[in-house]
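There are 2 protein chains.
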Amino acid sequence: MSSIETIDTFDVRFPTSAMLDGSDAMNPDPDYSAAYLRLGTDAGDAGHGFVFTIGRGNDVQLAAVRAVADLLQGEEVEPLLADMGGTWRRFVHDSQLRWLGPEKGVMHMAVGAVVNALWDLKAKRAGKPLWLLLSEMSPRELVDLVDFRYLTDALTPDQALEILETAVPGREERRRRLEEEGYPAYTTTPGWLGYDDEKLVRLAREAVEEGFEQIKLKVGSDLDEDVRRLRLAREAVGPDIRIAVDANQRWDVDEAIAWTNELAQFDLAWIEEPTSPDDILGHARIAAAVAPVPVATGEHMANRVIAKQLLQSGGAQVLQIDATRVAGVNENIANLLLAARFGVRVCPHAGGVGLCEAVQHLSMFDFVAVSGTVEDRYLEYVDHLHEHFVVPTDVRNGRYWPPAAPGAGTEMLAASVEQHLFAG
Amino acid sequence: MSSIETIDTFDVRFPTSAMLDGSDAMNPDPDYSAAYLRLGTDAGDAGHGFVFTIGRGNDVQLAAVRAVADLLQGEEVEPLLADMGGTWRRFVHDSQLRWLGPEKGVMHMAVGAVVNALWDLKAKRAGKPLWLLLSEMSPRELVDLVDFRYLTDALTPDQALEILETAVPGREERRRRLEEEGYPAYTTTPGWLGYDDEKLVRLAREAVEEGFEQIKLKVGSDLDEDVRRLRLAREAVGPDIRIAVDANQRWDVDEAIAWTNELAQFDLAWIEEPTSPDDILGHARIAAAVAPVPVATGEHMANRVIAKQLLQSGGAQVLQIDATRVAGVNENIANLLLAARFGVRVCPHAGGVGLCEAVQHLSMFDFVAVSGTVEDRYLEYVDHLHEHFVVPTDVRNGRYWPPAAPGAGTEMLAASVEQHLFAG
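In order, the protein sequence lines correspond to chains A and B.
Throughout the first sequence, residue numbering follows the working numbering, covering 1 to 424 in sequence.
Throughout the second sequence, residue numbering follows the working numbering, covering 1 to 424 in sequence.
Since the hints were made in silico from the structure, they are not lab data.
Please note that a few of the clues may not be correct.
[Unchecked claim] Far from chain A, some chain B residues (derived; all Cβ distances over 10 Å):
id: 1; residue: A64
id: 2; residue: L145
id: 3; residue: E418
[Claimed, not checked] Coverage of chain B stretches by chain A, computed from C-beta distances (three or more under 8 Å per stretch; other residues unrestricted):
id: 4; segment: 157-170
id: 5; segment: 192-206
[Claimed, not checked] Covered by chain B, per the in silico footprint, the following chain A stretches (three or more residues, Cβ under 8 Å):
id: 6; segment: 57-64
id: 7; segment: 190-197
All figures in this text were calculated on a predicted structure; none of them were measured in a lab.
Built from N, CA and C at the ideal position, the CB exists for glycine as well.
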């Protein structure tokens with residue numbers, strides 16, 4: 001037996017705003033940051049987790065991570081890892097902490113960092129990358145990871161079990177396909193609002209040359225500008241490359257409908273985050289009014305209850321899970337199961353700090369053991385800050401290649417953490 | 001001109017769990033707490049705000065309050081108070097802090113504490129209680145306090161203006177009525193799950209004797225127990241007193257419908273928080289299936305976008321705003337206007353630490369200047385911890401009596417803060 005011996009938290013910030021990397025209609029000057037956690041054991045190993053933020057407030061997020069992680073001081077590790085469903089419930093249903101959400105915002109994301117650090121440790125102890133560890137668990141074990149509270153009107157444990165059991169026979173073959181063909185990616189690198197035309201066109205062409213089948217542009221600040229930039233991008237990439245657009249919650253419902261229908265002439269792969277991520281009814285109205293353009297959302301979806309409703313209402317044709325917005329791997333498994341139940345494709349949000357490294361495990365697990373398909377699915381890729389991770393993403397030819405190293409992808413290089421510690 | 005000179009924050013906790021005060025199906029052992037803020041100016045006056053929590057995590061909430069309040073260090077006070085709508089937007093739309101919600105949870109509540117502290121200061125400088133200060137503002141000034149982003153598909157600024165202008169002619173008469181008749185209250189004091197039968201019956205009878213027309217019981221842990229306790233309560237108070245029940249988010253959707261329909265035999269005033277506060281579609285399904293029992297919710301409603309949808313969907317027949325869950329007075333004015341637009345009554349959540357003291361101002365303002373009615377409206381009252389406030393609620397004969405003292409009701413006694421500082 002081993003126990004949690006050290007709980008270290010780090011306020012890590014990168015000065016990305018200086019380059020306008022990551023600039024969009026709602027986030028003009030993000031400084032990509034991580035509220036980073038290391039759980040060390042007396043056996044000498046460790047698990048790592050983090051919450052991605054965009055600068056100010058990273059210290060508040062860190063205080064929340066600390067508050068949750070401190071509950072583990074001195075705890076035996078093996079029981080925690082053996083019952084990750086119970087471990088999740090213990091944190092999320094702590095009645096006093098729950099009041100601070102419930103199940104949303106800073107406190108919920110903090111639970112996610114702690115849960116993900118335990119998954120990182122569990123995968124390292126198993127000597128497997130997280131996607132493979134999950135893909136080899138039995139349907140019953142996977143169902144036990146999920147909290148079905150508030151979900152049963154859309155997904156019961158039995159229905160989840162059936163989805164997972166249906167996927168069992170094809171697991172081996174899909175694992176081989178994943179290792180041979182990779183997982184399709186799309187890139188947002190060309191599309192930040194702060195980039196000038198020359199940079200946009202150049203990066204869009206480079207993306208095609210690098211093998212990406214889809215790119216994404218930020219929109220929503222100025223309609224004429226959006227039309228102009230989309231025309232440039234469409235000319236640069238030709239008719240066969242998909243172009244998605246992302247409004248980053250900029251619009252009200254009616255504005256979203258009118259604006260999207262103007263941009264639809266450029267053959268959009270999807271319209272992303274047209275309005276408030278809390279507006280289920282708004283998304284449903286928008287989706288109906290801009291069809292056949294699909295509506296994509298999810299990176300700011302607070303929890304599985306929001307995911308459930310986006311699917312029930314027809315508000316999302318593309319579900320964009322995020323590795324650090326919800327309460328970790330367990331809740332994202334719930335989201336993947338909900339999407340499979342409703343036949344909706346999952347194209348995760350990534351970028352930021354380490355989101356690509358973390359979320360790829362979930363998409364790969366989904367392909368092998370849940371939905372069983374990559375059809376029309378693309379995992380977001382942004383070429384920023386990967387060099388700070390122990391196992392950086394391997395993206396070539398427009399595809400993510402499955403990591404073989406043990407762990408959840410959430411460990412940063414000690415030197416990077418040290419160098420980018422925020423002085424306050 | 002004066003400026004913000006001191007920003008002091010206090011982790012205040014009361015050991016309420018020892019008495020089972022506040023115990024319900026989701027919160028078995030709350031320690032009522034406040035993440036409390038004092039903004040002092042170089043003119044020698046101060047504003048006070050807080051977030052109510054139930055114990056663990058109050059330190060995290062305080063770190064968030066601090067992060068927001070620190071933005072005010074050294075700022076001139078008069079411009080902040082003269083444009084409270086702009087002040088609100090500045091905090092809520094800070095793009096980096098926004099990422100930590102957006103507009104929900106710890107960070108959003110922190111904005112509320114700071115905004116409310118500024119309202120407290122503004123009201124004190126005006127020499128008026130907040131309810132009167134607001135009730136004397138012009139419809140145009142009130143509309144300018146509200147951020148209509150994400151609301152315009154349900155409520156436009158022009159529609160809000162019309163609601164407020166319609167109420168102008170009756171303001172004086174209703175102010176007189178308020179001062180003569182008070183604002184109707186209901187009490188939750190008898191209904192905590194942790195109380196035994198004798199205490200339940202005794203407190204229910206006392207409530208009636210004290211003049212309350214409505215009481216509330218906690219339910220949701222055990223159906224047979226709920227039936228038994230409701231029968232005792234109904235026998236104790238007779239057929240003419242309203243009895244509301246509160247499940248505190250305990251149920252899934254189908255369970256909520258079945259359970260409520262079982263309890264309906266006791267003539268329920270409403271069923272409160274039947275399921276997740278994020279489940280708009282769930283509330284709509286429950287409301288349709290348990291009618292004519294009204295569904296009440298709102299104390300955990302993250303923001304005005306959720307309020308909008310609860311009203312659009314028919315998911316709430318009673319909207320229960322809370323003084324410290326959203327981003328302060330401004331956002332609650334949006335919620336009051338939305339409720340007025342949809343013709344839905346507002347019966348605020350209160351209790352905890354200082355929620356009665358704070359939210360009464362909003363109900364009284366609503367009566368005088370927004371909805372113009374108290375019909376079927378009851379403001380929650382729980383007889384806990386009022387002695388720690390500089391202007392404690394005055395509840396007699398089942399009614400809240402309007403405070404005359406200047407301020408927003410959010411100032412605690414310095415000695416109480418001192419005595420209940422959490423040692424950590």
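Verification of the hints:
With 10 Å as the threshold on Cβ separation, the claim that A64 (chain B) sits away from chain A is violated: the shortest Cβ distance comes to roughly 5 Å. Remark: the non-interface label on L145 (chain B) is consistent with the geometry, its nearest Cβ contact in chain A lying 18 Å away (cut-off 10 Å). Taking the minimum C-beta to C-beta distance to chain A, about 23 Å, the non-interface status of E418 (chain B) holds against the 10 Å cut. With a cut-off of 8 Å between beta carbons, the segment 157-170 of chain B has 0 residues touching chain A; three or more are needed, and the interface restraint is violated.
Coverage of the segment 192-206 of chain B by chain A is violated. Counting CB-CB distances below 8 Å, 0 residues qualify, and the rule asks for three or more. For the segment 57-64 of chain A, the proposed coverage by chain B is satisfied: 6 residues have a C-beta within less than 8 Å of a C-beta in that chain, meeting the threshold of three. Coverage of a stretch by a chain is defined here by at least three residues with a beta carbon nearer than 8 Å to that chain's beta carbons; for the segment 190-197 of chain A and chain B the count is 0, and the condition is violated.
Of the hints listed earlier, those the structure fails to meet are numbers 1, 4, 5 and 7, in rising order.
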